[in-house]
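Going down the list, the protein sequences come from chains A and B.
Take 1 as the starting number for the first sequence in the numbering used here and just add one per residue.
Take 1001 as the starting number for the second sequence in the numbering used here and just add one per residue.
Hints were generated in silico from the structure; no laboratory data involved.
Heads up, the beta-carbon is just placed ideally off N, CA and C, and yes, glycines get one too.
Careful, some of the hints might be misleading.
[Unchecked claim] Calculated from the model, a selection of chain A residues having no Cβ within reach of chain B, i.e. all distances over 12 Å:
| hint | residue |
| --- | --- |
| 1 | 51 |
| 2 | 178 |
| 3 | 212 |
[As the list claims (entries may be wrong)] Computed list of lysine to aspartate or glutamate pairs in DMTMM-like fashion (alpha-carbon distance at most 20 Å, straight line):
| hint | chain 1 | residue 1 | chain 2 | residue 2 |
| --- | --- | --- | --- | --- |
| 4 | B | 1044 | A | 86 |
| 5 | A | 96 | B | 1031 |
| 6 | A | 333 | B | 1031 |
| 7 | A | 249 | A | 86 |
| 8 | A | 337 | B | 1031 |
| 9 | A | 333 | B | 1172 |
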Amino acid sequence: MWEQIRSNQWRSVVLAIAMGLVLIGVGYALGLYFADNGIIGVIFAVVLWVIMNLVALFQGDNILLSLSGARKIGPGDHPRLYNIVEEMQIAAGLEKMPDVYIIDDQALNAFAVGRDKNKAAVAVTAGLLARLNRDELQGVIAHEMAHIKNRDVLLMAVTSVMLGTIVILSWYASRMMIFGGSGGSRRDSGGGGGGQAIIMLIALALVILAPIFAQLIYFAISRKREYLADASGALFTRYPEGLASALEKIASSTQPLKSANQATAPMYIMNPFRQKGKPAADLSSTHPPISERIRILRSMGGASLTDYNKAYSQVHRGGGSILGASALAAAPKAPIKHAPNKSGFVQDDETNELQRARETSDALWRLNNYSTINCKCGTRLRVPPDFKGTSVKCPHCGTANSVA
Amino acid sequence: MIGVWIALGIIVVLILAIVALYNGLVRLRNEVKNAWAQIDVQLKRRYDLIPNLVETVKGYAKHERETFEAVTNARTIAQKMSDAGAQARSKAEGELSSALMRLLAVAEAYPDLKANQNFLALQEELTSTENKISFARQFYNDAVLRYNNQTQMFPSSIIAGMFGFKSGEFFEVTESVQREAPKVSFS
């Protein structure tokens, strides 16, 4: 199902193929330069690429999750978050529930990993859980599930590995060219000096330019998938305002995310390295500008893909279309729902932020295997799992509470 | 001679096309079935939540007998309708939703109840179940739309007619029932 989303991936696949050609070009040029044989260069480049792919695809999820300090939760640990992920799984039509993680960080951000729809994971920061109300959290999770559903994670992993291979090849090659002798000059004795020079120049140019081109392509793919994830997320919830409001809150928070780095940045819902005041159409950014994303979501007349596309062409400088024609042709009509959780039962407004923060930190204490003792003065004592003493003195009233 | 080969070629292409269209219809029909099963799972979940909810509220609001009875009756009726078609079932489920909203509106008047951890957890579970029913219904309706389009549009409509694929029923909520503002009496 959702052939329309899949057919939309063709544009991204074309971009990825372009990157592949750059990779092959670099390999060929280097092969020519160092070994007078382009084919060897291509083989070397491809082998390197395959090895890096295997590492990324099989261990990439675990690496990312442990880098960000994420803790896995079960249904009872944080019911609200778990329920929302389950709701979005139903709305998106995913067969298997992804693993849910909480990141112990007060910054507001979230990401999704999973090369396969059946082995996916969603991670959300504690700060996000405290600050967003249910509708907004639902919008963020919908966006992340859309990434899983549209197989963006797989696409971005493959293209980022390609980019990495190109960068590595170019870097080492340029080092060897500058500092070591070139294979060509060793081999050459007499004739063909002019030809060698031209090949050297071309190889040098490719080595310098290839990483730049590859990066631009990579960022273009990344931005496009973000728009698509926004559109799909709005379609799942039938309530674009939820995600728009969440993005607004996330954008206005100044807390930096402790564990983000260049490699993991594209996976997050908001660019963790964003700088305020940077111009809107920034080619070097993995995410589209936040204000534009919010404006597009808020000018949608309905919740379908067609509505998103229309809003995009109205808001985006230069107009145009972000979703493929076949995707739009098959898109079902989808009117916007009234706020799904506000009409419901849970008192869900800003005054509950403290309660939500408490709920989340309680979950994190439990996950880290801390035990809780309630002193009779009302203070809650958190005891670490490796505590060896028999009693704990309450810092507030001084009573010694025995560790059960 | 060539003519025979061309004729054979055309027949093979036709057969392949028919098979492809048939399989497409089967796939879409199965999606509808799965989506319906998902709705069923969530509705059953709601039935299971309700007795616990009623007991918890009763502990604090003993005198709201009418509200409790309304919820329990609506639940019994909805459960009886489990095997009925989409239309009949959606009406029964809509009634149950309204009864639940009235019960929770009543609970608003009891601050002790609202502070009860058990009640808060139940509230979250109920909100989530209502959402899940709503999303399951949304997904089901989308699946039905895709399936109906395929059975009704040319050329798959021919295959649909030949092999007996019938259009699916939408699971619409009777909006008028849900929009009714719950009346809370303080008598």
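A quick look at each hint next to the structure:
no., hint, verdict
1, 51, "holds (38 Å)"
2, 178, "holds (58 Å)"
3, 212, "holds (43 Å)"
4, B:1044 - A:86, "holds (16 Å)"
5, A:96 - B:1031, "holds (15 Å)"
6, A:333 - B:1031, "holds (19 Å)"
7, A:249 - A:86, "violated (23 Å)"
8, A:337 - B:1031, "violated (24 Å)"
9, A:333 - B:1172, "holds (15 Å)"
Hints 7, 8, counting from the list given before, are not met by this structure.
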